[in-house]
Amino acid sequence: MVHSPSHSLIVVGGGIVGLTIAVAARASGHKVTLITRDDIEVTASGVAAGMIAPAMEAMNDPDPEFSYRRFKHAQGAWLDLNALWPEALQQTLVKAQTGDAIYISDTPAASADTFTAMGANHASVLAKSIPEASSATSIHDEWLVEAGPMLEALATHLDTLGGVSLRASVKEVSAVQVRLDSGEILTADAVVVAAGYDSKGLADSIPGLSALTPIKGHLLDIEGQGGFGVLRSATGYLADYGRIAKFGATMQMGQADLRVEPDVVETLIGRAADMNIDIGTAIPRTGIRAATPDGWPLIGRDPASGVLVAAGMRRNGYIFAPFAAKIILALIEGRPSPDEGIYRPDRF
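The numbers in the numbering used here rise by one with no breaks, and the one at position 108 of the sequence shown is 125.
If you're looking for bench data, these hints aren't it; they were derived computationally from the structure.
Errors might be hidden in some of the hints.
Stated by the list, open to error - DSS-like cross-link-like pairs, simulated, lysine-lysine; straight-line CA separation at most 27 Å:
1. K217 <-> K188
2. K48 <-> K188
3. K112 <-> K89
4. K112 <-> K217
Here the structure is a predicted model, which means the values were calculated and not measured.
Please put together the full structure from these sequences, using the hints given.
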């Protein structure tokens, strides 16, 4: 479904946002070259829990009602663009909606009031092994995907559709060119930078990216607990895929190194114990999120450079990826941006 003549574009970044944009563009009839530096599993997206959970995410924010509306709108783009996704991803999204989403709280009345004010569909439930004096709330329409298989499905589909994938590091970009570290120059009708916090390395080319700051996250890969869904509290979350699970995650503001810190790992294990979760054998992982001063992503055309940007999703790349694709496709095809410019990259 192409709304204008086919265009060529280069997408820099192979995490959930870059892959989603690349697949959506190629499936819409555009010529796509995807440039990735790292293996999927070591990207921040590959380490992530894969939660597409507007209500649970909004609970962390200063204005949960406002955040929920934005997250919910972005989540809906997965289904809006469903025809563009490979069958494996369509099936993943169906399964994603079947998992349990349980929020536990030691202030149940306040939490219930917040969910109600958001407009989130929720109900009190009995949950196994929740901490004493806590209550459990089941939230409808909170999704969970396993990151690795989802990313692999997108990457495979891009290849199947005839997209070009390159392993390279990018030195410099403009509205229509990308210069690799090797010195090779690639050209296209449009360039999209969607490389998470690594996007900031291109701030000399794209002034809007200078607003990005890092947030380091530790999480633990653990054995699956035999269910499918998320158990979450203010302390942390358990994302259970059945065979494997993840417990996380820290939000270490201003840190951009990937070193595993043993004391932080011990803190995470302690948080899990507070939630009555038996970690067992754990493999610690780290990733770097990209954040902005107002906590919302940069999506749109950088006016100074003409480069298209989709970065700064903080901890919500899996929520925002398809909405970023909708915005980028609209701009490439000469249509009004569906966000009406609220995520424009020059707002700081």
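Results for each hint:
no.	hint	result
1	K217 <-> K188	holds (12 Å)
2	K48 <-> K188	holds (22 Å)
3	K112 <-> K89	holds (18 Å)
4	K112 <-> K217	violated (35 Å)
When the structure is compared with the earlier hints, a violation turns up for hint 4 alone.
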